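Respectively, the protein sequence lines represent chains A and B.
Numbering of the first sequence is given in this note's numbering, commencing with residue 622 and proceeding in unit increments.
Numbering of the second sequence is given in this note's numbering, commencing with residue 263 and proceeding in unit increments.
By construction, these hints were calculated from the structure, which means they are not laboratory data.
Here the structure is a predicted model, which means the values were calculated and not measured.
Please note that the accuracy of each hint is not assured.
[Stated by the list, open to error] Facing chain B, a subset of chain A residues (Cβ under 7 angstroms, in silico):
1) E892
2) N900
3) P908
4) I979
5) T998
Heads up, the beta-carbon is just placed ideally off N, CA and C, and yes, glycines get one too.
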Amino acid sequence: AVSLPFAVGQCGNQVGCRFWDLALREHAAVNKKGIYDEALSSFFRNVDTRVVCLLTEFKFFPFSKALLIDMEEGVVNEILQGPLRDVFDGKQLITDVSGSGNNWAVGHKIYGCQYRENIVEKLRKAAEHCDCLQCFFIIHSMGGGTGSGLGTFVLNLLEEEFPEAYRFVTSVYPSGEDDVITSPYNSVLAMKELNEHADCVLPIENESLFEIVNKIHQMINSGKLGSTVKQNSLVTSSAGSAKTLQEKPFDAMNNIVANLLLNLTSSARFEGSLNMDLNEISMNLVPFPRLHYLVSSLTPLYTLADVNVPSRRLDQMFSDAFSRDHQLIQADPKHSLYLACALLVRGNVQVSDLRRNIERLKPSLHFVSWNQEGWKTGLCSVPPVGHSHSLLALANNTCVKPTFIELKDRFMKLYKKKAHLHHYLQIDGMEQSCFSEAISSLSDLIEEYNELDATKGGPRIDASRLKIAV
Amino acid sequence: MSIVTVQLGQCGNQIGHEVFSALCSDIRGTHGLCSKKENESYQDSCKERFFCQEQSAVPIARAVLVDMEPKVISQTLSMAARSGHWKYNSHSHFCQKQGSGNNWANGYCVHGPRHKEAIMNLVQREAEKCDRLGGFFTIMSMAGGTGSGLGAFVTQCLRDAFPTSFLLNHVIWPYGTGEVIVQNYNSVLTLSHLYHSADALLVHENDVIHKICSQLMNIKQISFRDVNRVIAHQLGSVFQPTHTAGGGSGYSRNPLGDLLETLVPHPEFHMLGLRNIPQMAESSLPYSTFSWPGLLKHLRQMLIANAPMEEGIDWQVRPPHPGSCIPSTNKPLHFNTSIANLVILRGKDVHGVDLGSFQDPSLYTSWLNPQDAFNAWKTPRAFNKYEKSAALVSNSQFLLKPLDSIIGKAWNMFASKAYLHQYTKFGIQEEDFLDCFTTLEQVVSSYTNL
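Generate coordinates for the entire structure from the input sequences, incorporating the hints supplied.
Written out as structure tokens, the structure reads:
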């Protein structure tokens, strides 16, 4: 089954670029014969069999099936001049020059309108190359103008044009110290769209990515551990990929997100004893339509060079997946309420390892009363590059609430004073009601989480069963 | 008579492969411990039942492989071919690309009708290759979306297209602590639908098999492959050829029919459990000896106490005193009442074995004669390197507790309406759920009041 990724805006495209690079690296490591196979067809199409792809020694040309959209040319141009330039063709790109000025309304209303037909046409073309289009991925940030505004416009468009395909969105949320003053407006306006039109959202916070990067730096430089780390195993590294020149500041952080997406789709691309496809993730982790925000964590963050993995290291990997400092947003799932949890394991891990760890960790976690055993599990045989095994945990957990509450607070600070509002209201199609509806949507969502939290720790009451006349 | 196997979904296909592997390896083995003539007769009978030779050098499994995504079928086909000893027919499979998303409604309401013709064509072709069709054996899990939903639909189609053929569903019950979060919904939907179409359900529970792997087989890092191999061994011990009592000198020609006739006297009761003894790591086999009295004593207690395996049996459980009319609510705690039982003995010295203990009327409900409630099949031909082995297929209260537990969890979730939108989206409404719950509560009630 095929997933079609969209990278929208600067952040989206920078992450997207890392994603394509690491995807090629992963497939090259697995696909020794260099022949176009089923696994590759998830993301790449086979364009020209006569040309050998220098990046990976594939005996064909892997053309990504993605769409890259940006209203500024800088990032996309860089991609087109870099080592990945041959992976994309001009028909997959939509760019403009002036950017969206960090204004959601410009991205959503103006560019949305302007580029609608262009996007639909390119979308249809891209879909034609897909044997069976199952899912769309949007990669964007929430705080700016293009990723946030045009990105959510594309989300709407996808629902209209391809209502049966799932819409997964990887959204980078702004931090409190974001240098874009209007990021709360952009984010809340975008949230309304995510609430209403996305099937699954994976929120990411830069602070968390930053902390993970630091943690790894400290570990490498501490010199404490006797063994050295395998460079290409770092969840932050580009080692072994096409990117050879100097690392840009966000590269390490973007690699984490790229790895998230690779792990998410691994079971759909590679074989395993218990497959977990994207539509299964949506099915099992979204008990009610609006509660579709999933907190993610990736472990391990690195692998030591020694090959043997005693089982306590394996168990440590499971424990880490639930720790605060491995989550990709500022959240602590252990002390909040789980609605559902998914564990996708890659590599040499078997069902007994999974079961042992679930039994071990379960007692310290709080699950909602109607889903006490709410675990979805997947086993994929192929580990990520540089690792013998890895784990992606996805949690539908009320610990997202603080992120949303903070966002709402930051929004209200500006909104009460009507600060910068005119930049938005002067755009055709924007009215005060857009803002009030957006904040209302966010408030309702927060309230739903509040109601769930209120049930935490309460007595477990089993609903009385149907009685059958004997 | 030949049996056509339909492998549905990832689980169905993975297990199906292990089953055919086990059957093939058993007949190729030199451990038969019986006369050459007996062995040849056994091999021929097995081949007729499960394989087709045609002009191929290698036996071809009589199977149709169905899945809504390609990876598993592709793996299954190639693993079989690589064995060099058997394979699947390269055309007897049907797959799509997008999977069923663990959604029963998607499997049943969307994929089922959409692909009915293609799938039934494949089944028809396999059926036509059989000189005499002995019935259908479907393998599926009830936790996912394809095996469960599409499996339920295909079962109905089989029933409609072959109304006089026997239809046995092999259903895998998932681990209690989730493999799939909506597994209880999928299970309730599957079981209630199968109950109406199939002749019987033969059940394996992952939790039970897992215990066998860890405690009896001593496997440290248990994989699904290990679990599937144990299941395949247990199925083989039931379906490999045997002589039925009074069936003349040859091997039974109608395994499914015989099985159903002995075990399903009443259509309201057709959930069958399976036990097998002994079970151990292959490396331990040469150092072990068995006696029939010992094996049967354990097997009987496994039946009475509802123990999954020969270790950890509760020997305190006893049947109620014969002759006393005790209402079911006053029966000894944990005692497993049977409707009918079938014991299958394979290996050395089978013919003199005393099975009187299984004919004890106190084991059974009052409405069948003990002579009718119990049957035994035997063969001197040893199975899968076990010098002596016994299998028990039981129509009893084995599955009552697990079934009740699944219904309870599903009901709790249903009461909160969680995940319902995922099902209504594809055409299963709340009323449909209620119907299914009602059907299953009825089954629970019936089995409880034995």
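Hint check:
no.: 1; hint: E892; result: holds (5 angstroms)
no.: 2; hint: N900; result: holds (3 angstroms)
no.: 3; hint: P908; result: holds (4 angstroms)
no.: 4; hint: I979; result: holds (6 angstroms)
no.: 5; hint: T998; result: holds (5 angstroms)
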